[in-house]
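Asks: Protein sequences appear in the order of chains P and S.
This note's numbering applies: residue 66 is where the first sequence begins, and numbers increase by one.
This note's numbering applies: residue 5 is where the second sequence begins, and numbers increase by one.
Since the hints were made in silico from the structure, they are not lab data.
Being a predicted model, the structure only gives us computed values, none of them experimental.
Check the hints yourself; a few may be wrong.
[Said to hold, decoys possible] Pairwise CB distance ranges, derived in the manner of DEER restraints:
1) A131(S) to E100(P): 36 to 46 Å
2) R126(S) to R112(P): 22 to 32 Å
3) D25(S) to G116(P): 55 to 65 Å
[Claimed, not checked] What the simulated footprint calls covered on chain S by chain P, stretch by stretch (three residues with Cβ under 8 Å from a Cβ of chain P suffice, anywhere in the stretch; the number is not a length):
4) 102-111
5) 116-122
6) 140-153
Glycine residues also receive a C-beta, built at the ideal position from the N, C-alpha and C atoms.
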Amino acid sequence: MRNVASAGGEAVPETAEVTPVAADEAAATGPAGAEHDGLVRHYLLLRVVLGVIRLGPVLILAGLIIGMALASPVFLTTGNIGNVLSQTAVIAVLAVGQLLVVLTRGIDLSVGSTLALASVVGAIAFEHGQQGPGVIVVMLATGAAVGFVNGAVYVWGRLPHPFIITLASLSIARGLALRLSGGQPKRGMPTAVRSIGKDSIGWLPHSAFLVAAIAVLGAVVLSRLVWGRWIYATGGNPEAARRTGIPVRPVLVSVYVLCGLLAGVAAIITSGRLNAGSPTAGSLAELDSIAAVIIGGASFLGGRGNVANALVGAVMIGVIRNGMNLLNVDAFLQPIVIGVVIVLAVEADVLRGWLENRFRVLQAALA
Amino acid sequence: MTAALTVRGATKRFGPVLALDEVDLEVQHGEVLAVLGDNGAGKSTLIKCISGVHRLDAGEIEIDGLPVHITSPAAARAHGIETVYQDLALFDNLEPAANFYAGREDAGPRWLPRPLRVLRRRSMADATVELLERLQVSLPDHAATVGLMSGGQRQVIAVARAAVFASKVVILDEPTAALGVRESRRVLDLILRLRAEGHAVIVISHAMDHVTEVADRAVVMRRGRKVGEEIPSPDSQERIVALIVGTSG
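Based on the sequences and whatever the hints tell you, model everything.
Replies: Next comes the structure, spelled out in structure tokens:
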């Protein structure tokens, strides 16, 4: 094993360009015998470790759930699970939208404010006599409209980064929501909206079914459709995407529209629960959604992440909050814990990148 | 025999700088042509004009004897010209098959708008494996993302991708520049197989020994002009170097 360690040590590259040279050296020093076997063992071990890290979010969530179940007898009761699910629903829906944006190397800071604006506009539509379907359509359209503005200004306004435009619409959408509502919640929502936000089948909240449907739809789009492939390609290498003829700009606009649309869905759930259009709803929800996506192992550098893991990230945030409440932990500790989890998730991503580099070197040495 | 690609009187100016000055060039099917020259000789400008990144100010380009107007990279591709640039333009986050089909995904049904079509993932993966086998390219794991592969494997994937979709001409910009000895070997072997399959291949390279090995003909450029043509061999190497640096008169 000592030989293996030294071979591996020499071969750690600073950049990808160094890799082949190092690989040639490694192969030249020990193409046969014990050293080669050692390399193979090292390679297989790395493969396993990488696999574990990729499963990381799921494993951590499983650990968290087991830990909570042992610590609190209430945690695994159906009532509490329903609770967690309904509290997580809004973050989960926003996280799916945020994931689409993050996959293209973007970020959408406006989803919380968009949620509030859609909620207030929905309430106004209800005041003007719209019923369930009408109010729902109005909320979705409001969300999609804000998303379209984000995407259009980012792409056609040639902004260097979506941070800026979505920061602006975070402010504008919140301001609009406050002005339109006079700063007060507008009471009343149609039955259909309340049912989505509040009701449940047994202990399973309606919103959980909505989340499941959106997640399945999102996963299908991302992994099965040409569109999803384009989203990953655009995030992985925008310049190459352009050169291979992928319509990069429409793809970028589409993810912001979808993200806004999903903020509209989150508005339906929130408004239904509150039975009101609330101009202050969704404050800091954009940060929760980003946290969920990052905890779920998506990379801010784009092109990496999936719906299932984003959901795991959202549920993890929900479980941490719920668990700490059940255990009577100081509420002010919750944001600190979630912050620490974010750092751990990002560090796991850094470690993964480093291991993948070593993996590449070993693979070249063995080829 | 009609040349796969013919360039006649290619001229390109960038402001006051004459980057290409009436350059003529011809590549046959099943031929590897090396374009040599020092930095700034006009090699890159020439291939960028052929692959549609730049437009010629004057001159003609013919493919299989027919004049074509190459106005964009997409137009070049539509005419069967594929280019592998030094940055490879690979998607590190996707597996080889997805890289192969990026921007031309095999998907259906046809009545749906293209973005909404369902990927034929199995058929794309199978076709990729088949193609890589035909080109005798071995990858450790077809399901791994390209980012996990070595420099040589990545280069080979990029070249193979260009080869599949180029019906006429494959242009390679410094294909071995970043590679070690063994990995360069794999790329050179692949170039020879492309030639055997009847592709016209244009290689831009600084590595004289690689050129000597794979190229049937070498064109030397200096200051935007074609200054000579040689059959690369160990004997002609010295003459070629003299042409490149301009000491031969």
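Asks: Tell me the hint numbers this structure goes against, listed in increasing order.
Replies: Going through the list in order, the structure violates no hint and respects every one.
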